[in-house]
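Asker: Chains A and B, in that order, are what the protein sequence lines are. Using the numbering used here, the letters of the first sequence correspond one by one to residues 1 to 758. Using the numbering used here, the letters of the second sequence correspond one by one to residues 759 to 949.
Treat the hints as calculated values from the structure; they're not laboratory data. The reader is advised that the hints may include incorrect statements.
With a Cα cut of at most 20 Å, we get these calculated PhoX-like pairs of lysine-lysine [what the hints assert, rightly or not]:
{"#": "1", "chain 1": "A", "residue 1": "Lys-100", "chain 2": "B", "residue 2": "Lys-848"}
{"#": "2", "chain 1": "A", "residue 1": "Lys-97", "chain 2": "B", "residue 2": "Lys-911"}
{"#": "3", "chain 1": "A", "residue 1": "Lys-100", "chain 2": "B", "residue 2": "Lys-935"}
{"#": "4", "chain 1": "B", "residue 1": "Lys-807", "chain 2": "A", "residue 2": "Lys-97"}
{"#": "5", "chain 1": "A", "residue 1": "Lys-299", "chain 2": "B", "residue 2": "Lys-943"}
{"#": "6", "chain 1": "A", "residue 1": "Lys-100", "chain 2": "B", "residue 2": "Lys-807"}
{"#": "7", "chain 1": "A", "residue 1": "Lys-223", "chain 2": "B", "residue 2": "Lys-936"}
{"#": "8", "chain 1": "B", "residue 1": "Lys-840", "chain 2": "A", "residue 2": "Lys-100"}
{"#": "9", "chain 1": "A", "residue 1": "Lys-737", "chain 2": "A", "residue 2": "Lys-368"}
{"#": "10", "chain 1": "A", "residue 1": "Lys-97", "chain 2": "B", "residue 2": "Lys-936"}
{"#": "11", "chain 1": "A", "residue 1": "Lys-97", "chain 2": "B", "residue 2": "Lys-920"}
{"#": "12", "chain 1": "B", "residue 1": "Lys-848", "chain 2": "B", "residue 2": "Lys-935"}
{"#": "13", "chain 1": "A", "residue 1": "Lys-97", "chain 2": "B", "residue 2": "Lys-935"}
{"#": "14", "chain 1": "A", "residue 1": "Lys-223", "chain 2": "B", "residue 2": "Lys-935"}
{"#": "15", "chain 1": "A", "residue 1": "Lys-507", "chain 2": "B", "residue 2": "Lys-947"}
A few chain A residues facing chain B, derived, Cβ under 8 Å [said to hold, decoys possible]:
{"#": "16", "residue": "Pro-83"}
{"#": "17", "residue": "Ile-85"}
{"#": "18", "residue": "Gly-99"}
{"#": "19", "residue": "Phe-115"}
{"#": "20", "residue": "Tyr-181"}
Residues of chain A clear of chain B, computed beta-carbon distances all greater than 10 Å [stated by the list, open to error]:
{"#": "21", "residue": "Asp-93"}
{"#": "22", "residue": "Leu-160"}
{"#": "23", "residue": "Pro-162"}
{"#": "24", "residue": "Thr-225"}
{"#": "25", "residue": "Asp-509"}
{"#": "26", "residue": "Leu-621"}
{"#": "27", "residue": "Ser-642"}
{"#": "28", "residue": "Ser-715"}
{"#": "29", "residue": "Gln-733"}
No residue lacks a Cβ here, since even glycine has one placed at the ideal position from N, Cα and C.
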Amino acid sequence: MMGDVTLLGNPNFFERTKLKIVRKIFPVKKPEILLLDRLEISFKEPGVNQIGVPSLSSPDVTPNACLAKPEVVDVRPELVICPEIESFPLLSDFPRKAGKLYKQIEQEEPKDDLFTPEEDKNCIHGLKKSWCAICNEKERNEKKRKTRYIDIFDLIFPILLPPLGENFDSPILFPTGLQLYPFQRVGVKFLAENKRTLLGDEMGLGKSIQAIVAIRFLFHMGKVTNGLILCPRSVLTDWEKKIWEWAPELRVMKVRGLQEQRKLYWNSLAHIYLTTYETLREDLGGSVRGDENGDIARKQFDFAVLDEIQKIKNPGADVTKATRQIDAHIRWGLSGTPLENRLDDLISIFAYLKPGLLHYRDIERPYKVKNAIKPYFLRRRITDVLPDLPEKEIGEPAWLELCPNQRIAYERAEQEGIVALNEQGDTVTVQHILALITKLKQICNIDPVSKESCKLEYLLEKLEEVSEEGNKALVFSQYPEKTLKFLEPELKRFSPLVYHGTLSDSKRDSVVTKFQKEEDNKVLLMSVKAGGLGLTLTRANYVYHFDLWWNPSTAAQAEGRVWRIGQTKTVFVESLLTKETIEERIDDILRKKRELFTVVIDDLSDEKLSKFLKEEELFSLFGLQKTKPKSEVAVESLEQISPQEFERLIGKLYEKIGYHIKLTPQTKDRGIDIYAKRVSETGTEYLAIQCKHYPDGVVGVEHIRSLYGVIQAQSEITKGVLVTSGKFSKESQDFAKGKRIELFDGKILLALLRKYNL
Amino acid sequence: MSSPNEEHETLLGFLGLYVTEKGDGYLGGVLISNLQGVPQEFRCTHTVKPTAIQKPLYGDALEPHIGVELCGMPLLQSIQNKPSLILVNKEFLLRVRIESSCPVAFVRRAGEAVEIKASDGSEISPDRERVDCATGRFQPIVFTVHPNFDDDKINTREILDKIFSYLDPLEPFERIKKAIEVLGKQDEKFR
Chain A
1 MMGDVTLLGN
11 PNFFERTKLK
21 IVRKIFPVKK
31 PEILLLDRLE
41 ISFKEPGVNQ
51 IGVPSLSSPD
61 VTPNACLAKP
71 EVVDVRPELV
81 ICPEIESFPL
91 LSDFPRKAGK
101 LYKQIEQEEP
111 KDDLFTPEED
121 KNCIHGLKKS
131 WCAICNEKER
141 NEKKRKTRYI
151 DIFDLIFPIL
161 LPPLGENFDS
171 PILFPTGLQL
181 YPFQRVGVKF
191 LAENKRTLLG
201 DEMGLGKSIQ
211 AIVAIRFLFH
221 MGKVTNGLIL
231 CPRSVLTDWE
241 KKIWEWAPEL
251 RVMKVRGLQE
261 QRKLYWNSLA
271 HIYLTTYETL
281 REDLGGSVRG
291 DENGDIARKQ
301 FDFAVLDEIQ
311 KIKNPGADVT
321 KATRQIDAHI
331 RWGLSGTPLE
341 NRLDDLISIF
351 AYLKPGLLHY
361 RDIERPYKVK
371 NAIKPYFLRR
381 RITDVLPDLP
391 EKEIGEPAWL
401 ELCPNQRIAY
411 ERAEQEGIVA
421 LNEQGDTVTV
431 QHILALITKL
441 KQICNIDPVS
451 KESCKLEYLL
461 EKLEEVSEEG
471 NKALVFSQYP
481 EKTLKFLEPE
491 LKRFSPLVYH
501 GTLSDSKRDS
511 VVTKFQKEED
521 NKVLLMSVKA
531 GGLGLTLTRA
541 NYVYHFDLWW
551 NPSTAAQAEG
561 RVWRIGQTKT
571 VFVESLLTKE
581 TIEERIDDIL
591 RKKRELFTVV
601 IDDLSDEKLS
611 KFLKEEELFS
621 LFGLQKTKPK
631 SEVAVESLEQ
641 ISPQEFERLI
651 GKLYEKIGYH
661 IKLTPQTKDR
671 GIDIYAKRVS
681 ETGTEYLAIQ
691 CKHYPDGVVG
701 VEHIRSLYGV
711 IQAQSEITKG
721 VLVTSGKFSK
731 ESQDFAKGKR
741 IELFDGKILL
751 ALLRKYNL
Chain B
759 MSSPNEEHET
769 LLGFLGLYVT
779 EKGDGYLGGV
789 LISNLQGVPQ
799 EFRCTHTVKP
809 TAIQKPLYGD
819 ALEPHIGVEL
829 CGMPLLQSIQ
839 NKPSLILVNK
849 EFLLRVRIES
859 SCPVAFVRRA
869 GEAVEIKASD
879 GSEISPDRER
889 VDCATGRFQP
899 IVFTVHPNFD
909 DDKINTREIL
919 DKIFSYLDPL
929 EPFERIKKAI
939 EVLGKQDEKF
949 R
């Protein structure tokens with residue numbers, strides 16, 4: 001201890017000790033950073049070293065320090081507690097690399113390795129698999145299917161491609177030989193610059209091509225990386241081909257086949273998922289039923305293109321419900337006839353394209369609808385944008401006399417039908433009338449007993465001329481079983497092809513290709529429903545409607561297969577109709593509808609949209625009149641009727657409009673008085689109707705809230721309707737805005753009652 | 759004048775260093791294209807994320823170190839199509855020239871802020887070469903080569919003169935940037 005005191009009093013000792021410690025620690029050779037946390041020195045018994053200085057323990061240094069060789073000093077290491085030294089790694093680890101070679105490496109297709117020697121056994125066709133063309137083709141397709149999956153670097157490939165053009169007005173680079181018409185460039189720009197749009201160009205103007213090019217732009221700009229295209233089944237392959245032609249760099253996943261396959265496809269990477277409305281309905285069936293676990297389709301995309309978007313016009317249809325599950329920030333609808341005959345179709349379509357833009361209460365205000373959709377709607381007509389396209393000449397219908405036996409069969413069927421309708425009295429419905437019409441129309445096409453057909457005789461003569469001139473014809477009918485099957489053998493000399501709904505996808509494609517490319521097949525027999533949408537059949541320039549579809553726009557769609565871009569000859573359209581039959585009576589109605597169609601589609605007039613075919617019109621076809629039940633309430637006595645009578649009246653009103661109705665019990669009605677259901681070709685519409693008979697009163701918001709609660713809880717309900725003989729408070733009206741609720745006050749109700757003769 | 763076959767084989771490389779969307783990391787990307795700008799090959803690195811301590815310790819040397827040592831050189835070694843010219847989007851990436859067999863040039867738009875800072879008052883400093891677009895379709899560019907490879911100027915100018923009428927040499931860097939952004943959305947390794 002004494003020694004310590006002595007040393008402490010010696011300044012040289014301190015200086016030397018400090019120097020040795022410093023030299024012991026520095027210089028640092030390794031590049032790590034060293035931090036001295038603490039340096040503690042303790043003194044012990046003095047010893048004698050070589051230079052006669054009492055020893056001092058040196059600090060320990062971690063191995064990382066890598067010190068220079070220290071001066072030899074006799075120190076007692078254990079006497080100094082070493083500082084902790086922390087090290088930080090350098091940025092020296094190379095990051096992993098990823099990427100892809102895009103350059104096509106030409107490889108010879110392996111010829112003999114489709115089957116390994118072990119696999120190459122006798123197949124079910126009685127040959128070695130490698131010798132069997134069927135097995136070879138099957139295996140090749142299977143290998144192709146397995147290798148078409150893409151990776152993340154395929155996904156970014158379009159972004160790495162050079163820009164298509166500096167802007168939409170400049171020429172756009174396309175694969176050789178392809179060019180857009182100026183009006184199509186306008187359409188591409190319109191689509192690419194608007195996230196929510198409806199392209200309503202007349203059929204034949206290349207809506208799908210405009211959409212593909214716009215999509216291609218967005219991919220190249222990096223604005224989208226994947227999307228969904230929904231289309232009718234008949235044009236699925238056509239879409240695939242067009243994408244391949246116009247945007248070959250985009251990888252398409254066509255989602256078809258068995259459920260397990262589809263599941264795989266939905267979960268694979270692709271730029272575009274292409275499928276039909278029906279497949280989507282099936283693959284999102286879980287969500288439609290309220291159980292998301294049952295879904296196999298993906299729902300999130302950057303864009304969604306809905307071809308023939310009128311498929312989702314019915315809000316109650318499962319197809320619509322499934323489609324509305326698709327979340328995409330870009331939503332485009334394509335349709336040549338978006339409105340068909342009703343503004344509510346348009347409202348339903350925009351409910352997906354741009355929710356909140358239109359409301360069901362606007363149905364009586366076409367001008368409002370027209371103004372609301374203006375920024376999001378583009379429609380051009382063929383005659384305006386393609387003045388050089390050959391003309392379409394719709395000839396007057398060929399009015400034919402039924403053959404003798406055909407006439408007898410027709411008269412008998414009509415008389416029996418009318419007798420049966422009369423016997424049913426008040427219970428006769430629209431469905432009974434429609435069934436009779438179908439039966440009679442089929443006899444007008446051909447008498448199933450005598451096989452006589454005045455239309456066939458006429459058609460044969462016409463087809464002779466068509467064929468001799470080197471032209472081809474399409475023959476449309478809505479009865480594939482009763483008419484097309486009969487026509488096929490009768491038209492054998494023209495090598496007819498048949499296209500109808502029951503054909504497989506591949507068969508449909510081969511029929512279209514064969515008709516377009518081969519000379520022998522002069523006639524294509526088509527079902528209106530299967531072949532009316534999207535197909536390009538410009539090799540034909542004659543169209544014969546063997547019978548007429550109810551909806552004139554459907555007939556126009558069918559003609560649009562021929563009268564479109566690519567047609568080089570004048571198109572002739574002719575309908576074959578029979579005199580003094582139900583067809584003549586229906587034609588009168590159709591003519592009126594055609595006038596309405598022009599008005600609504602091309603200029604949303606404020607003309608009131610009537611129902612497509614009114615009940616009285618149908619009954620009048622057979623000289624029948626729907627008798628007015630005695631119990632019906634006169635409009636003037638509305639104020640005197642009881643709440644129960646009021647409910648029944650509203651029920652009758654909805655029946656007149658075309659719904660099947662069900663009145664609920666007075667108790668346990670959960671606020672709903674009537675459920676109404678209407679089935680159309682695209683699905684079912686369910687209404688929950690609440691009646692409030694307040695002749696001089698005001699319906700408060702609490703009733704609307706209650707109705708809203710009910711429809712929210714029941715997903716199958718398309719919309720809620722509250723009908724009152726009085727008025728609605730402003731709060732009620734505000735609450736209903738933007739919701740699936742329709743309000744009919746006394747004023748509207750009276751107008752409806754008058755309209756439907758109640 | 760090169761023969762059509764030679765022209766067919768001439769490839770361009772675009773090497774860039776990019777900062778992640780959040781600004782916390784770097785990715786290197788190289789695009790090999792033909793003279794029309796059509797991609798032949800694309801490689802990129804996973805994200806390099808320097809720590810909060812590494813950033814100040816490396817200081818100004820951080821980006822060059824990541825760009826050249828960690829990303830640039832390994833990427834150029836990994837490409838299978840060897841380009842005739844490599845264009846880079848950062849001046850420090852010129853250092854990859856040391857291990858490259860072809861010229862490397864740093865390109866940027868003429869008159870950009872970097873040049874305004876030039877102390878001699880002239881827009882184009884002596885080591886920078888200006889290239890004008892003959893068709894006027896694109897704004898002029900300037901390029902710089904590695905100071906130890908002065909001959910690169912001639913080779914670079916020859917190629918840039920050839921392509922500049924129809925391909926903006928700066929544009930492919932935008933493509934790489936967008937592609938990296940999309941990769942980041944798909945896979946966190948590129949985020």
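Asker: Against each hint, give a clear statement of whether it holds in the structure.
Answerer: Status of the hints after comparison with the structure:
1. A hinted pair counts as satisfied when its Cα atoms are at most 20 Å apart, and Lys-100 (chain A) with Lys-848 (chain B) does not qualify at roughly 24 Å.
2. Distance hint between Lys-97 (chain A) and Lys-911 (chain B) is unfulfilled; the C-alpha atoms sit about 30 Å from each other, more than 20 Å.
3. Between Lys-100 (chain A) and Lys-935 (chain B) the alpha-carbon distance is near 16 Å, which keeps this suggested pair within the 20 Å criterion.
4. Of the supplied pair hints, the one linking Lys-807 (chain B) and Lys-97 (chain A) holds, its CA atoms being roughly 15 Å apart against a limit of 20 Å.
5. Simply put, Lys-299 (chain A) and Lys-943 (chain B) have alpha-carbon atoms about 17 Å apart, close enough for the 20 Å limit, and the pair holds.
6. The straight-line distance between the Cα atoms of Lys-100 (chain A) and Lys-807 (chain B) is roughly 23 Å, outside the 20 Å bound, and the hint therefore fails.
7. Pair hint Lys-223 (chain A) plus Lys-936 (chain B) holds up; C-alpha atoms about 9 Å apart against a cutoff of 20 Å.
8. Between Lys-840 (chain B) and Lys-100 (chain A) the CA atoms are separated by roughly 14 Å; this keeps the pair inside 20 Å, and the hint holds.
9. Proposed proximity of Lys-737 (chain A) and Lys-368 (chain A) is supported: the alpha carbons are some 15 Å apart, at most 20 Å.
10. Under the criterion of a C-alpha separation no larger than 20 Å, the hint pairing Lys-97 (chain A) with Lys-936 (chain B) is consistent with the structure, at around 18 Å.
11. Restraint check: the Cα-Cα separation between Lys-97 (chain A) and Lys-920 (chain B) comes to about 32 Å, which exceeds 20 Å; the hinted pair is violated.
12. A C-alpha spacing of about 14 Å is found between Lys-848 (chain B) and Lys-935 (chain B), which places the hinted pair at or below 20 Å, so the restraint holds.
13. This hinted pair checks out: Lys-97 (chain A) and Lys-935 (chain B) have alpha carbons roughly 16 Å apart, not beyond 20 Å.
14. For the hint linking Lys-223 (chain A) to Lys-935 (chain B), the alpha-carbon distance of about 13 Å falls within 20 Å, and the restraint holds.
15. Pair hint Lys-507 (chain A) plus Lys-947 (chain B) does not hold up; C-alpha atoms about 45 Å apart against a cutoff of 20 Å.
16. The beta carbon of Pro-83 (chain A) is not positioned within 8 Å of any beta carbon in chain B (closest approach about 19 Å), and the interface hint is therefore violated.
17. Residue-level restraint check for Ile-85 (chain A) is violated (minimum Cβ-Cβ distance to chain B is 15 Å; threshold 8 Å).
18. Restraint check, Gly-99 (chain A) versus chain B: the minimum CB separation of about 3 Å is within 8 Å; hint holds.
19. A hinted interface residue such as Phe-115 (chain A) counts as satisfied when its beta carbon comes closer than 8 Å to some beta carbon of chain B; here the least separation is about 32 Å, so the hint is violated.
20. The closest approach between the C-beta of Tyr-181 (chain A) and any C-beta of chain B is roughly 25 Å, which is over the 8 Å cut-off, so the hint fails.
21. Consistency note on Asp-93 (chain A): stated as away from chain B, yet its beta-carbon is not over 10 Å from all of that chain's, at 8 Å minimum.
22. The Cβ of Leu-160 (chain A) sits about 4 Å from the closest Cβ of chain B, inside the 10 Å cut-off, so the non-interface label is violated.
23. Annotated as non-interface, Pro-162 (chain A) brings its C-beta within 10 Å of a C-beta of chain B; the closest such distance is 4 Å.
24. With 10 Å as the threshold on Cβ separation, the claim that Thr-225 (chain A) sits away from chain B is violated: the shortest Cβ distance comes to roughly 5 Å.
25. Every beta carbon of chain B lies more than 10 Å from that of Asp-509 (chain A), the smallest distance being close to 31 Å; the non-interface claim holds.
26. No Cβ of chain B approaches the Cβ of Leu-621 (chain A) within 10 Å, the least distance being about 60 Å, so the stated non-interface status holds.
27. Residue placement check: Ser-642 (chain A) keeps its beta carbon more than 10 Å from all beta carbons of chain B (closest about 64 Å).
28. Distance to chain B confirms Ser-715 (chain A) as a non-interface residue, since its nearest Cβ pair spans about 32 Å, more than 10 Å.
29. Gln-733 (chain A), annotated as away from the interface, keeps every beta carbon of chain B farther than 10 Å; the closest lies near 44 Å.
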